[in-house]
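Modelling step: build the complete structure from the supplied sequences, incorporating the hints.
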Amino acid sequence: MSEAPVAPPVASADGTLVDTALLLSPPVPRAGRLLLPARVGALCAVELQKLRHDRTELYTRAVQPALWLLIFGQTFTRIRAIPTGGIPYVDYLAPGIIAQSAMFIAIFYGIQIIWERDAGILSKLLVTPTPRSALITGKAFAAGVKSLVQAVVVILIAALLGIALTWNPLKLLGVALAVVLAAVFFSCLSMTIAGIVLSRDRLMGFGQAITMPLFFGSNALYPVSVMPGWLQAVSRANPLSYQVDALRGLLLGTPAHLAVDYGVLAVAAALGITAASSLLGRLAR
1 MSEAPVAPPV ASADGTLVDT ALLLSPPVPR AGRLLLPARV GALCAVELQK LRHDRTELYT
61 RAVQPALWLL IFGQTFTRIR AIPTGGIPYV DYLAPGIIAQ SAMFIAIFYG IQIIWERDAG
121 ILSKLLVTPT PRSALITGKA FAAGVKSLVQ AVVVILIAAL LGIALTWNPL KLLGVALAVV
181 LAAVFFSCLS MTIAGIVLSR DRLMGFGQAI TMPLFFGSNA LYPVSVMPGW LQAVSRANPL
241 SYQVDALRGL LLGTPAHLAV DYGVLAVAAA LGITAASSLL GRLAR
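Residues 1 to 285 in our numbering are what the sequence shown lists, from first letter to last.
No lab work stands behind these hints: they were computed from the structure.
There could be a bad hint or two in this list.
With beta-carbon atoms standing in for the labels, derived distance ranges [unchecked claim]:
(1) 202 / 70: 18 to 24 Å
(2) 78 / 119: 47 to 53 Å
(3) 133 / 86: 44 to 50 Å
(4) 75 / 236: 27 to 33 Å
(5) 64 / 129: 23 to 29 Å
(6) 169 / 48: 18 to 24 Å
(7) 211 / 271: 15 to 21 Å
(8) 52 / 75: 18 to 24 Å
(9) 229 / 263: 23 to 29 Å
(10) 45 / 75: 37 to 43 Å
(11) 127 / 152: 35 to 41 Å
(12) 263 / 168: 21 to 27 Å
(13) 60 / 202: 20 to 26 Å
Only a predicted model underlies this, so the values are computations on that prediction, with no experimental measurement involved.
Where a beta carbon is used, it is the ideal one built from N, C-alpha and C, also for glycine.
This is the structure in structure tokens:
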């Protein structure tokens, strides 16, 4: 059986040659190893475009951390009721507020995926060849980008208040990695809850119910050593505690366990992606 003849190139309206073979055969699909980075990059670019066109969210979200640092931090610095190892309390508080601000953005990220389902966007994404894990990972890292922008805002506020944070580029890269990994976990936790409750109102209720326990059950405001025993156990199981520990070690130079901190955050992020991916189909039904 003879092979089909190769279609000759034809001239377009402007005189350039067009290879008609591209019209007769489908394009080569993107390799699997390139699919995940492409999806993550595309969704991260979308988040940056949103922030570039509408900065209102950045301004409004900067109010709460500024109040924490100005009022809570300055007041407890004067009281000196919390042992911080000789560090001014407002300095000790700043990494915890960075982690809190990033978490508050990521923990409600499931609302966006429910909105996409209601708008019919999610069903269109699910019929593409993109794996569900790639979709979830892309959305999770997009939440990480938004959280990272918020962390930069808080760091600038802290600098304006005279808080002594490091400006070492390598340490700041470590800060960015910790913020992104934690945001991936918390956004996947939110999307996992969204896959269970299936509605925005219920998700809002669950989100509000877990944000304060996660925040106050961590070392963001006070050392683990001053907590009661049961709360210390909660803090050791809380990924936010490991993020804050890494941020304090990098930004303030306090003793930290960076290998353990990053290991826990990476494992938590991977488990979060797995859980959210498994429930994505249920959300789209």
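ask   = Quick check: which numbered hints come out false for this structure?
value = 1, 5 and 8
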